[in-house]
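Asks: One-letter residues, chain by chain:
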Amino acid sequence: MLSNEVKDKLISIVTKANFDDSKMERLVYSYDATPNFQSMPDAIVSPRNTEEVSAILKICNQYGVPIVPRGSGTNLCAGTCPTEGGVVLLFKHMNQILEIDEENLTITVQPGVITLDLINAIEAKGLFYPPDPSSMKISTIGGNINENSGGLRGLKYGVTRDYVIALEAVLPNGDIIRTGGKLAKDVAGYDLTRLFVGSEGTLVVITEATLKLIPMPETRKTMLALYQDLSAAARSVSKIIANKIIPTTLEFLDQATLKVVEDFAQIGLPTDVQAVLLIEQDGPPEVVERDIEKIAEVCKQEDAVSIQIAATEDEAMALRTARRAALSAVARLAPTTILEDATVPRSEIANMVKAINEITEKYQLTICTFGHAGDGNLHPTCATDARNHEEMERVEKAFAEIFEKAIELGGTITGEHGVGAMKAPYLEWKLKKEGISAMMGIKQAFDPNNIMNPGKVFAKDSKKRVVITR
Amino acid sequence: MTTLLEQEKIQQQFKERMNEDELLNCMRCGFCLPTCPTYIESGYKESHSPRGRIAMMKAVVDGIVEPDEDFERSLELCLGCRACEPVCPSGVNYGHLLEEARDIINQNKKHSLPVRAVRKTVFEGLFPHQNRMRTMVGLLGFYQRSGIQTLARKTGYLGLLPDNLATMEKVLPKVPTMKEMKNRPEHLPSLSEKVHKVAFFSGCLMDTMFMKTNDSTMKLLQLAGCDIVIPKQQTCCGALHGHSGEKDSAKELAKRNIAAFEDLGADFIITNAGGCGAFLVDYDHLLKDDPVWHERAVAFKEKIKDISEILVAVSFHKKVKLELPPQVITYQDSCHLRNVMKTASAPRTLLGAIKGVQFKEMKEADRCCGSAGIYNIVESEMSMVMLDYKMVQAKATHATTIVTANPGCLLQMQLGIEREGLSGKMRGVHIVDLLAEAVK
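Just so you know, the sequences run in chain order D and Z. Position 168 of the first sequence, counting from 1, maps to 168 under our numbering, and the rest follow consecutively. Throughout, our numbering is defined as the position within the second sequence, counted from one, plus 470.
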């Protein structure tokens, strides 16, 4: 609980209307989209500008009150679950698009802007902001920056990190700093912009961001390739890129996913095939045409059993249905859905999918795998029931083995969801002790009193590494 | 005020009655948030979102929080538009959770005396009795025709009513006489080659206040090749009861309707009100705990079809010539027709087939207009916020006709037109009335 003294001070900054500590309000900010994480904050505070954020941080720093910045709470790593209580910071007032600069091709926004609103605003001007996390209809830019969100277009266009060029941020001591600028080149000192992107609210509170934009691609074309053999699909992925073609989208669905998608959506997908690739290319029409032809040729050479190329936008929509329905289909199998994002170099996709299938078999679970094959970012998704504690233990063991395997193949425990509280116990597997302590040093330099989203990224205890006996 | 004792009883019943699987199905992904009108209009308050409401219900079941005033307020402010359901990856039946929660609260809460009296009159005394509905609407007709209306308007007596109720009084349709209301035949023959035998669910309000719309519906069905049977034993669908926490009354009405329709040998049961239709297709859920009635409810629900769906299915718009004077029209979805009955393209197909009119889609036609049953009366402030937003979108299309598919939405649109001072320049009309007008 906050002391009356802290409460009064916070109210004097934001006014009563923007401070809430009623039970129901605290309850509805006790969770995000991560299964099995819930913890009540002490209060919810909605600042109206950077100066108020600064004043709030000063108070919290002085009294040692945890601060959890929160967008729409759609992250999948328990990054905004207030595991140590404290103040949840909302950005519902700081949600303005401040400027679209068509000369420098940038947009400057406050953190509470909804990702899709930003995209709509710039697409109206023929510009393009590629990061497209699947929650973009409601996720905020502040959330995207703090989690360094990815999306389907990561292979060709990169992720949020690649578009953030300047930030305004408030340090825990209340100092307001500006990093970067509307600049393609800027080597003045440490690259704090990059450091803050993906820092999950553990270092600073971001209060403004300038994002890089690019011209809108002229056209887009969509195709689907079906495979009887997993490694043939994986080989196609590598070979397309070896042919010096970088598609916008190169999505993968395994047989388990296909079966549940077909059960759910009944769109006539063949369920006897082992894998499906959804491929899209964008750019000038003649380039797109040439690339898609070439890709189709590669897929054929690699034994695709069927290839469909969409002739119209309606047909393209139909081809995308399978991938878009994947999460819904798996989520309907059981009450609890655990969506992971182990990532490997794309040359290791086939090995990773095989390993996931073996692990699923070993622990007798339902895990469907789909994801962004082009950048090696897979989403093994487990349909389970949080009430079944025995099964939940098996789920945890299975995912531990999946993380271990991903690291063994040169990959990582999380490609785009973040570490948060959920993956914190596994972070050391990826970074080693020395890596953790280097990061810890940075954390302490910015936040010596550990008020910034405490309990995230750094775990109190690391998980013991699993020994794979196979 | 809910007393502590009442809170305890509510909490206990939440534990006993709320469907735990359904509550757990919500994986809190937040995909419902951008579709929720109260989340948006409350300034992105999680406590006024479907995800927040489900989390609160679950926390009450789990005993983490008590069902306090804030909780009740959040459930009251929900429109029940169910726009959150089609976008939910896990397929959570939010509407069912809401109905159950409201029923529990209502059954365990002592309403104030005037509220109790009004609820009893409306839910038990009026809607289930078609003869009383007719009398009631008949009185309205007397009011409209006798000169009292003119007098009431001139004397400023109506100024004593809250703003939107006074406006509402103006937009009520010219109702039929008692005699007209009683003379509904039980059978009507197809007027072209017979393709289906259908039963018609006439509805309580639709068959009194909106009788003209029911007449148009009959005419279209007859032209489309349907023999129609209109069973006299049918009654109000019970939606109003179900949505207001009067589940037991809703069950009784459901049983009467199932019995009235089941032995008619009809291919389909046709409705022309999205709100009723959506409640009718949910009868199997309403009666889920009663094995015999549940089975009968499943057979019943499988025959329910909105008028637009059947007209498209029998190619009415290709067989019958439809033409109107040049005008721009737009369509406002009925939330329950779209989100529960999944009828969204059929009305648009029909409207697009009318020669002479230009159909212009308004932005966010799928967003609730704020009518939502009796919401525009009990939550008029939020309802008017939603309506004003809706009118901005409607006006942007430059349409002179706003088409709807549900009586509540229709009245709300007319209210919106009146509020904007556009009467005479813009009109609200039920889709079947427009189609009937367009039949050459």
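Calculated from the structure, these hints are not laboratory results. Bear in mind that the values here come from a model prediction, so they are computed numbers and not experimental data. There's no promise every hint is true.
Derived list of chain Z stretches under chain D, where covered just means 3 residues or more per stretch with a C-beta under 8 Å from a C-beta of chain D [said to hold, decoys possible]:
id, segment
1, 534 to 542
2, 678 to 687
With a Cα cut of at most 25 Å, we get these calculated PhoX-like pairs of lysine-lysine [unchecked claim]:
id, chain 1, residue 1, chain 2, residue 2
3, Z, K580, D, K23
4, Z, K579, D, K23
5, D, K23, Z, K485
6, Z, K682, Z, K833
7, Z, K830, D, K23
8, D, K432, D, K460
9, Z, K812, D, K137
10, D, K125, Z, K590
11, Z, K830, D, K125
12, Z, K652, D, K137
13, Z, K833, D, K92
14, Z, K579, Z, K590
Note that CB positions come from ideal geometry on N, CA and C, so glycine has one too.
Asks: Run every hint past the structure and note whether it holds.
Replies: Going through the hints against the structure:
For a cut-off of 8 Å, the count of residues in the segment 534 to 542 of chain Z with a CB near a CB of chain D stands at 6, and the three-residue condition holds. For the segment 678 to 687 of chain Z, the stated coverage by chain D is violated: 0 residues have a C-beta nearer than 8 Å to a C-beta of that chain, whereas at least 3 were required. Using a Cα cut-off of 25 Å, the hinted pair K580(Z) and K23(D) holds, with the two alpha carbons roughly 24 Å apart. Proximity of K579(Z) to K23(D) is assessed by CA-CA distance (about 21 Å); at most 25 Å being required, the pair is judged to hold.
Between K23(D) and K485(Z), the direct Cα distance comes to roughly 19 Å. Compliance with the 25 Å bound is thereby established for this hinted pair. Restraint check: the Cα-Cα separation between K682(Z) and K833(Z) comes to about 30 Å, which exceeds 25 Å; the hinted pair is violated. Distance restraint check for K830(Z) and K23(D): the Cα-Cα separation of roughly 46 Å exceeds the 25 Å cut-off, and the hinted pair is therefore not satisfied. Distance hint between K432(D) and K460(D) is fulfilled; the C-alpha atoms sit about 15 Å from each other, no more than 25 Å.
Distance hint between K812(Z) and K137(D) is fulfilled; the C-alpha atoms sit about 22 Å from each other, no more than 25 Å. Restraint check for K125(D) and K590(Z): not satisfied, since their Cα atoms lie roughly 57 Å apart, outside the 25 Å limit. For the proposed pair K830(Z) and K125(D), the alpha carbon gap of about 23 Å is at most 25 Å, so the pair holds. Among the hinted pairs, K652(Z) with K137(D) is inconsistent with the structure: their alpha-carbon atoms are about 51 Å apart, more than 25 Å.
At most 25 Å may separate the alpha-carbon atoms for a hinted pair to count; K833(Z) and K92(D) meet this at roughly 23 Å. Distance check on the hinted pair: K579(Z) and K590(Z) sit about 15 Å apart at the alpha-carbon level, within 25 Å; holds.
Hint check: violations occur at hints 2, 6, 7, 10 and 12; the rest are consistent with the structure.
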